[in-house]
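*Asks:* So the protein sequences, as listed, match chains A and B.
For the first sequence, this note's numbering gives the first residue as 423, with consecutive numbering after it.
For the second sequence, this note's numbering gives the first residue as -10, with consecutive numbering after it.
I should point out that these hints are in silico values taken from the structure, not numbers from a laboratory.
Note that the Cβ used here is the ideal one computed from N, Cα and C, for glycine as well.
Some hints could be false.
[Said to hold, decoys possible] A few chain B residues facing chain A, derived, Cβ under 8 Å:
#1 171
#2 174
#3 176
#4 273
#5 278
#6 295
#7 338
#8 342
#9 354
#10 355
[Unchecked claim] Some, not all, of what chain A presents toward chain B, calculated at C-beta under 7 Å:
#11 471
#12 473
#13 493
#14 502
#15 559
#16 573
#17 575
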Amino acid sequence: MASTIAADQSTRRDFLYIATGAVAAVGVAGAAWPLIDQMNPSASVLALSSTEIDISSIQEGQQIVAMWQSKPVFIRKRTAKEIAEAKAVPVASLPDPLARNANLPDSAPATDANREIKPEWLVVVGICTHLGCIPLFGEGDYGGYLCPCHGSQYDTAGRIRRGPAPQNLPIPPYAFEGATKIKIG
Amino acid sequence: MSGPSTYTPSNGFTRWLDSRLPLLRFMNDTMVTFPTPRNLNVWYTFGGILTFCLAVQIVTGVVLAMHFTPTAAGAFDSVENIMRDVNYGWLIRYVHANGASMFFLAVYIHMFRGLYYGSYKAPREVLWILGVIIYLLMMATAFFGYVLPWGQMSFWGATVITNLFSSLDQVVPHMGTAIAHWLWGGFAVGDPTLNRFFSLHYLLPFVIAAVVGLHIWALHVPGNNNPLGIDVKGPQDTLPFHPYYTVKDAFYMVLFAMLFAVLVFYAPNFVGNPDNYTPANPLATPAHIVPEWYLLPYYAMLRAVPQKLLGVLVLFGAIATLVFIPWLDTSKVRSLRYRPMLKPFFWVLFFDCILLGYLGSQEPQATTNVFGLELSDLLLARIGAIYYYAFFWICLPVIGLIEKPKPLPQSIAQAVLGSHAAAAAE
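Here chain A stands alone, though its shape is the one from the complex:
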């Protein structure tokens, strides 16, 4: 009756140990996932994904701030001088050479033309790409924006020019709806 098993031979018991351990590991992971995922944006937060803005009252040289997905979006009607300044900058001299435009492919270069749909309208998410402060309109050495927190400076196309921020201000997905409205999201 008594049979010996060689030390290097796996047994039915080894198989049961490993199978039980594997089921326990999957079970723990499966139980942990809902506890982790509940912290992600909920369905009600995700539902507020687009917004329409009336832009007919904005004068040249002004901007308004709209809320989209609880983020501020700058809608700025640029002056001819501001457009010319932004166009004059060679892309090679920019800290971030990518357009960061959700309406274009990821690889699009950060030319001024790639930063707008219509040249006079700059539409950017108004959150500094460093640590999330709201940059101030029309300040800094480049006439675009200055972040009050850590001194990042953006030009009139919302591109980072100096300071710790790593990226240009992102451009949200948006489209013009007639002459007086834009839809963000």
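We have chain A already, so just place chain B on it with the hints.
*Replies:* Quick look at chain B alone, frame taken from chain A:
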């Protein structure tokens, strides 16, 4: 060090209990007869003071939670309601808010004391690391708590700190942003963020209490270090914890409570930021964002680095460095009293931390006049950050190897009582 228990149950009930749950024996051995070095000075009373601080924060915090509303719409008003309408609400909230500052003041003294007397060295490495964990938990708890009143500094402080994680976008694209959205429960700091921060702010103090239990356990295995940094050699070197140190701790706790009371009753907003009495506004960043004073040195280091990810790494690295101190210090001698070469570097580190704290409180483009020279704060912060790292990663290992320590005393008893009396005590 604790040795065999000297507890003898005095009556039938305690004998009955002792054989079932030796709780009274445990309390007697750890808080009454526990042999403690006879030369502990004032700086050793801060462990007890910190326990007192934790208790104050938990008691006042539980009470405040009875009146607080953790929603973006209601939080600010509920805090004002506590301040104006709740009976003694102003007192309880001011004690809680200033209690955080007193807690950090005490923990910084406790940490510098540990550094000065080499309390992190073998056999107390685990004790030290548990302390670093408590310090990390304290910073997280304080951060969550500061967000709850939902003022401008609450909101923008939360925004800046949670955005530290978005720097991970530079490691794996979109990963940092995904983590930030996960922390926020949305696309920006908002209602879900406030609600979960409240939940965690209530939870973490109890986690701290648990780790404090481990910290004290790890303390009671080797016993206290002492200002001489030499081991206890026998009973002549120690005193029972009670009454000698219960009374000493209590005395300094009273002095500490007096300072606490001055802050609460005469300058309750001294350490606060006036911007936090403005309700949170997601569309306007205050002109000048600063964290609470106890986080300023790290904030200065973050800002000293022009690259986002590196800045974040320098910040977290400064805290992580503390874990490695027991192995970075190569000297066998614990107390700086007998380490003439390291001692001046320690004091430079002390003032370096104060300098970094000052720089963290200044505006990003500011300059400071140093002996008639107008230096940019950025330059000073870089020098300060480099020294901070250099002290731990260069001074500690190198000086330990080349330094000639002063002769150590024979024993604690001999150093304290003189060799004659020590012999008599033996």
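*Asks:* If a hint holds in the structure, say so; if it does not, say that too.
*Replies:* Hint by hint, here is what the structure shows:
About 5 Å separates the beta-carbon of residue 171 of chain B from the nearest beta-carbon of chain A, less than 8 Å, and the hint is met. Given hint, residue 174 of chain B at the interface with chain A, holds; its Cβ is 6 Å from that chain's nearest Cβ, closer than 8 Å. For residue 176 of chain B, the shortest C-beta to C-beta distance to chain A is roughly 4 Å, which falls under 8 Å, so the interface hint holds. Taken as an interface hint, residue 273 of chain B checks out: its beta carbon lies about 6 Å from the nearest beta carbon of chain A, inside 8 Å.
Because the beta carbon of residue 278 of chain B sits about 5 Å from the nearest beta carbon in chain A, less than 8 Å, this interface hint is met. The interface hint given for residue 295 of chain B is met, as the beta carbon of that residue sits about 5 Å from the closest beta carbon of chain A, less than 8 Å. Taken as an interface hint, residue 338 of chain B does not check out: its beta carbon lies about 26 Å from the nearest beta carbon of chain A, beyond 8 Å. Below 8 Å, beta-carbon pairs count as interface contacts, and residue 342 of chain B has none with chain A, the closest being about 21 Å; its hint is therefore violated.
Hint status for residue 354 of chain B: holds, given a least beta-carbon distance of 6 Å to chain A, under 8 Å. About 11 Å separates the beta-carbon of residue 355 of chain B from the nearest beta-carbon of chain A, more than 8 Å, and the hint is not met. Annotation: interface hint on residue 471 of chain A violated; nearest CB of chain B at approximately 9 Å, more than 7 Å. Hint status for residue 473 of chain A: violated, given a least beta-carbon distance of 12 Å to chain B, over 7 Å.
For residue 493 of chain A, the shortest C-beta to C-beta distance to chain B is roughly 5 Å, which falls under 7 Å, so the interface hint holds. Given the 7 Å rule on beta carbons, the hint for residue 502 of chain A is violated: about 28 Å separates it from the nearest Cβ of chain B. Nearest Cβ of chain B to the Cβ of residue 559 of chain A: about 11 Å, over the 7 Å cut. The hint is violated. For the restraint placing residue 573 of chain A at the interface with chain B, the shortest Cβ-Cβ distance is roughly 4 Å, inside the 7 Å limit, so the hint holds.
With its C-beta approaching chain B no nearer than about 11 Å, residue 575 of chain A sits outside the 7 Å limit, and its interface hint is violated.
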